[in-house]
Amino acid sequence: MKQIQLFPLLPILRAAFFGFFFVSYSQCVLADKVDDFIQSIQVATYDCPDDQFMPQVDQYLNARSVLPEQLIELKVHKAHWLICVGKNDEAQIILENLLADPVMDKSSQSYANVNYQLGFIFDIQEKPEKCDFYRKSEQLAKDKFSDVYLSSQLGLITVCGQNGDNVGVKLGRLFALLKLYSLQDDQKALAHIHNNVGILYSSIGQRSLAAEQYEKSYQIGLKVYEEKNQLNTLISLITAHSGSGDYEKAKLMIDELGKRNLKVNTPLSNSLFHFAESRQAYRTNDYESFRNSMRSWDVFLKQTSSQTMEMLYEWYAAALCLNDEDRVCVNEFLQKQNDTRSAMPASLSKHLYYIAFLVKANLFLGNVEAAQLSFDNYFSISLDKLKKQQASARILGVANLHNEIIGLESSLAESEEQRLQIILLVLISILGLIALGYLFWGRAYFRKLATDPLTGLSNEHSVLAKIKKVKAPIGDKVNALALFDVSNFTSVNAEYGYKAGELALKQVADCLKQVTREKDIVGRVAADQFIVCLVNIEDMVAKELFSRVQKALADVRFKVDSRKKVDVHSHMHVYRSVNSLSDVDDVLAEIRSVLRKA
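For what it's worth, our numbering labels the leading residue of the sequence shown as 1, then goes sequentially.
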């Protein structure tokens, strides 16, 4: 009988124990290592993560052994980095997935951070949800996570407002925060707050004061911020100088941006640099530099995700087309602005430089009526800015008082305040004169462009533009138009001279003004042709009105050499439609073709 030898059980158990212990120990070591790494790369919400650590972040994100809580912290860090490099769409996807993650601890700093970062992205996108996220992150971070709490507070104060707060109250709150963080000597927080004070000054049109705050933020940030974050404030400083019309200082800061960007050199920083160059060239009418900087901007813009910047680029590209007199390109851009999906957002569509561009573009295309609408919009917004300038004098008094109390600004003596008030009064006076000038001379200029100088009626382009906007009639009514041709205009010119011909046309125009109604569209569409359009009218009434006009024209005559009376002969051609009159060009061409054959 063979003896069966049993494999020893004790060595197996011992090996299993040591194997389990080794795996557990390795996981603990890895977890501690990841924790140490996460701790070492942490930055405040108002700074930017360091690029050099991102490959390691990605490596841990792809590792199976990393704990779920650690994965969440790493993803929040990566989303923060993506925002800093301009990849907001990618960051938003990560953050929204985290928000829906059931593992997420809603009392953690990561959860507060996710809400703040989403608020920041929606702020950039100008979406109203931003305030909800700022408010939630503020509540989550209070008394726990100071950087998230401060950033959320600043977001709420600067772009949301609470309980109808005016700008003076907001500035007061910001200066109170400056006092608090100056006592703590928190340089990063101070730079962040000064930047937000600059934003508020910009919102009331005080670009020079905004520039002072951005300058302080930038100088403090040079000592404490990661390089990428320094550039954001520098861009704001350049914008403030440009907005105040100080293009010399703006150019100096653009040069500074170029030097700083040599070290950063990311798609976002390059895009911002070439945007700043493009704006400077556009504002100073340096179209050669404008064209060159636009080419570079286009290359880097495609590597970032910012809808606002893309729309700015489209506007600037259209401005180049206008300078090149490219009608097709300019028209394509204007057509896009009629589509809400591709039109400029509110923050850009109310920009005075943009509206001025619309005026020029529409004039270039001959759209006088559209140009006048844009001009009226320009005047209205300029007037609103003027009112803000007036109101800001009171606001600045509150702000300056806070400056003195907390001792964070360089001593504002009474003489300095008086100087500021004088500057404001002069500025307001100048803006008022400009506004009045635009109101009276600008509108008169547009009326002149739309008017036939001889007859005082709408000229061909203006009257046809009005007719093209006529909508389809309601019910059984029609849209009707009549073309009146002065048939003996040529013979009057030949026999009595061009002065007599002009007098004949004036008599016809005066007659049309007298017999048509105020709501009728009347204009001169050729040397010897006039048009009358009746909108949304009963067919029988239209016939009666046109008959009355024709009879009145039959009685038109004028004197030559104070003795001889000359009759004016005219023919009427009527067109009626149950549709809109957007095809008036074709209708007019057809009528004229019939006239030539007659």
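Keep in mind that a hint or two might mislead.
To be verified - 25 Å max Cα-Cα, derived DMTMM-like pairs, lysine to aspartate or glutamate:
1) Lys543 / Glu495
2) Lys75 / Asp50
3) Lys251 / Glu226
4) Lys144 / Asp105
If you're looking for bench data, these hints aren't it; they were derived computationally from the structure. Computed from a predicted structure; not experimentally measured.
Going down the list of hints, with the structure as the test:
1. Lys543 / Glu495: violated (35 Å)
2. Lys75 / Asp50: holds (15 Å)
3. Lys251 / Glu226: It holds: about 24 Å lies between the C-alpha atoms, which stays within 25 Å.
4. Lys144 / Asp105: Judged against 25 Å, a Cα distance of about 14 Å means the pair holds.
Comparing the model with each numbered hint stated earlier shows that hint 1 is the single one that does not hold.
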